[in-house]
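Peer 1: Protein chains in written order, with full-length UniProt numbering: chain C, 1 to 332; chain V, 1 to 376.
Hints listed in this document are in silico derivations from the structure and should not be mistaken for laboratory results. Incorrect hints may appear among the rest.
Stated by the list, open to error - Under the rule of at most 25 Å between Cα atoms (straight-line distance), these lysine to any residue pairs were calculated in the SDA-like manner:
#1 C:K212 to V:G171
#2 V:K175 to V:W226
#3 V:K175 to C:G218
#4 V:K175 to C:F224
#5 V:K175 to C:I215
#6 C:K212 to V:N365
#7 C:K212 to V:L364
#8 C:K212 to V:S133
#9 C:K212 to V:A130
#10 V:K175 to V:T98
#11 C:K212 to V:D128
In case you want the letters, here they are:
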Amino acid sequence: MSAATLVPTTAPDTEEEADLRATARDIARRCRDTAGEDHSGCWSALDGAGFTQLREADEDGSPLATATMTAIVVEELAGAVCGAPLVGALLAGELARLAGASLDAPATVLLTEDLAGLTVDGTGLAWDAGPPLRHALALSGHDLLVVDLGDPTGTQDLSRSVARPSGGTRRLAAGPSADALGRFGSFARLLLAADLLGTAGRLFADAVEYAKQRIQFGVPIGSFQAVQHLCGRAYAEVEALRSAVITAAWALDAHAEHRETSLVAKSYAARTGVEIVEHAVQVFGGVAITWEFPAHRHLRRALLDAEVFGGAEATADALLALVDQEATDGPE
Amino acid sequence: MDLSESPELVAFRDGLRKWLRDNVIEQGADEPRGLFLKRWHQVLFAGGWVGLSWPTEYGGRGLSNVYDVALNEEIGALGAPDAPRIGYMGRAFLQWGTQEQRDRYLPRLLSGEDYWCQGFSEPNAGSDLANLSTRAERTGTGYRITGQKVWTSYAEYCDFCILLARTGESGGRHKGVSAFVVPMRSPGIEVRPIVATTGESEFCEMFFDGVEVPEENRLGAEGDGWPIAMMTVAYERGAADVGYLSKFGAALGELRTLLGDRLRTDAAVRRRVADLEVRFRILTTHVRRRLAERDLADTLPGPEMSVDKILMTEVDQALHRAAIDLLGASAVLPAESDAAGEWMRRYLYSRAASIYGGSEQIQLNLLAQRVLGLPR
Ligand SMILES: Cc1cc2nc3c(=O)[nH]c(=O)nc-3n(C[C@H](O)[C@H](O)[C@H](O)COP(=O)(O)OP(=O)(O)OC[C@H]3O[C@@H](n4cnc5c(N)ncnc54)[C@H](O)[C@@H]3O)c2cc1C
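Model the full assembly from the supplied sequences, consistent with the hints where possible.
Peer 2: Next up, the structure:
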């Protein structure tokens with residue numbers, strides 16, 4: 001299976017986005033081919049390309065890269081189930097920037113115990129806290145803190161660890177405004193949706209290639225209509241998810257309805273991202289039930305991603321609350 | 001159809017419940033699941049609860065098939081370890097075995113002294129089982145077997161294998177396939193465990209390099225392998241035949257307990273679990289009807305068992321997916337090998353349910369073509 005094979009999409013990137021995607025895909029390919037359990041080389045490559053700092057502030061305070069570009073990088077690395085803590089670092093960069101602060105060292109973010117959102121009292125769990133990250137940004141009352149982290153521990157998502165605060169704390173800045181926190185939530189949901197798109201979409205693309213090659217009953221299994229429909233269904237879901245991610249990213253970049261679009265993207269991603277991986281597993285058959293084969297890494301990552309910054313139902317409920325509110329208050 | 005339970009069956013349930021309360025065992029910290037289930041099988045057998053619907057002459061109890069549903073239900077209700085799944089492999093002996101083979105193998109299979117694996121699938125013969133290429137060549141006194149099997153569940157712990165091998169021409173599809181009893185300690189067999197997505201070594205690769213078996217180890221006549229295999233997989237598709245009914249019942253009970261108050265206070269949680277309850281009961285009622293039918297008509301299972309497999313898979317996958325969703329962070333956050341990761345391991349294994357024993361797509365093909373007679 002070549003890592004470069006891609007199932008066609010109908011939403012081409014701009015030239016700049018395509019360049020960025022190519023660079024990210026290159027790092028992802030090296031991760032897939034060589035990283036094994038050690039992703040320090042992936043981190044160095046990402047850092048070298050400037051990808052860990054995409055959301056930090058340039059001179060006028062705006063992010064170095066658009067949400068659209070950031071989501072592209074996240075999607076590509078998720079396709080390799082890369083273990084470098086890219087999403088954690090991007091979230092911390094965004095949070096610092098929104099608070100008008102800058103980071104001395106890369107960090108991740110501190111979440112509530114159920115992973116559903118940022119902590120508000122300085123306690124909780126740092127997610128995506130693998131090496132080299134040693135700190136997390138944490139909201140505590142009106143302050144934004146940098147907390148030191150203890151040693152990371154593994155999760156069911158083999159690619160990502162969590163860590164607990166180890167005691168050391170310093171104040172970085174005043175916490176972001178309510179409006180900025182709203183933007184942060186949308187950005188976080190976008191990245192998780194992009195991560196699900198990458199994790200699911202990549203394994204699905206590989207499953208399609210496999211269906212063209214695996215022979216049973218004297219023909220490629222992809223010639224059976226049952227397998228075709230399984231793939232057709234999953235493809236429709238991948239593309240719908242891609243539409244949702246593109247839209248949520250655009251909304252953030254264009255200062256449009258980012259809350260709604262990111263809730264839609266995350267809710268759909270949490271449900272269908274897992275389903276797409278399940279469909280891909282089905283196409284592979286027995287081989288996908290082995291530890292050695294990467295399918296379960298995609299499945300594990302998708303299941304954990306689904307919970308972070310709100311599961312399918314919680315995000316759908318939040319969307320409905322917004323719709324209700326608009327119906328009573330009129331449009332924003 | 002009369003589904004009422006006889007006074008004997010009611011008394012049987014009572015006795016079983018009492019016995020279970022006193023005799024349930026727990027898996028040892030380092031005990032592999034396969035060995036634990038074997039130990040449990042032996043404990044259950046000693047209590048008289050294995051082989052309920054099997055002839056007494058082989059150590060069974062000669063009861064009707066519906067007793068197997070009762071066994072599954074009571075085990076599930078108490079959250080005891082799964083009812084033994086291994087029995088279905090012996091069914092073919094009742095039909096095709098010689099008296100000598102039955103006497104020799106069945107009592108120890110039912111008692112759990114011997115454990116059996118199913119050597120059907122090969123790298124190029126998964127869904128397309130008839131493409132199998134492992135060969136059994138005639139020698140003066142028996143056969144010499146050469147080839148490779150894959151995905152053989154628990155082969156590393158097993159004493160015997162029911163093996164399919166080609167005795168006819170190569171490429172002969174389902175013709176020219178024969179079934180053999182192969183002692184797993186025979187010279188020339190190499191077993192390599194494969195680690196599954198759960199982190200446990202559930203299944204194995206098996207390599208046969210000129211393994212000698214005597215003629216008396218052939219099951220049925222030469223060339224009878226295909227119907228023997230089809231009968232074995234038909235039994236494998238029954239949720240009571242493989243003890244899965246008990247497994248799901250226990251898991252559902254455990255999930256309800258874990259959800260505790262949320263089940264009463266959170267309408268969304270309640271709806272999800274209520275839905276599982278209905279699906280699970282559909283499976284149970286269907287299996288009970290099936291086994292009652294088996295008792296009444298004295299029929300053997302056939303392609304209609306794909307209905308059972310589809311229902312069984314649906315409960316397995318819906319139950320474990322819902323559990324992960326509802327337990328949320330507490331299910332996905334524990335480290336991979338942590339005991340608290342158990343629901344995640346069960347979920348991952350549930351994804352295999354639509355692959356082993358004939359994939360979901362193959363079951364649907366069988367129903368459409370073999371049962372409904374739709375054109376191929
Ligand atoms: C956990 C586990 C335990 C197992 N235990 C055993 C065991 O003890 N003994 C044993 O012999 N085998 C065992 N198996 C093997 C199992 O029977 C095979 O995995 C199964 O038959 C599928 O074969 P495959 O994996 O080669 O997939 P493939 O046959 O390659 O199938 C891949 C995909 O193609 C689809 N497909 C194939 N043919 C068709 C068709 N004609 N129409 C529509 N779709 C089709 C399948 O549905 C699947 O989605 C086990 C498998 C697992 C996962």
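Peer 1: Any hints from earlier that this structure breaks? Give me their numbers in increasing order, please.
Peer 2: none
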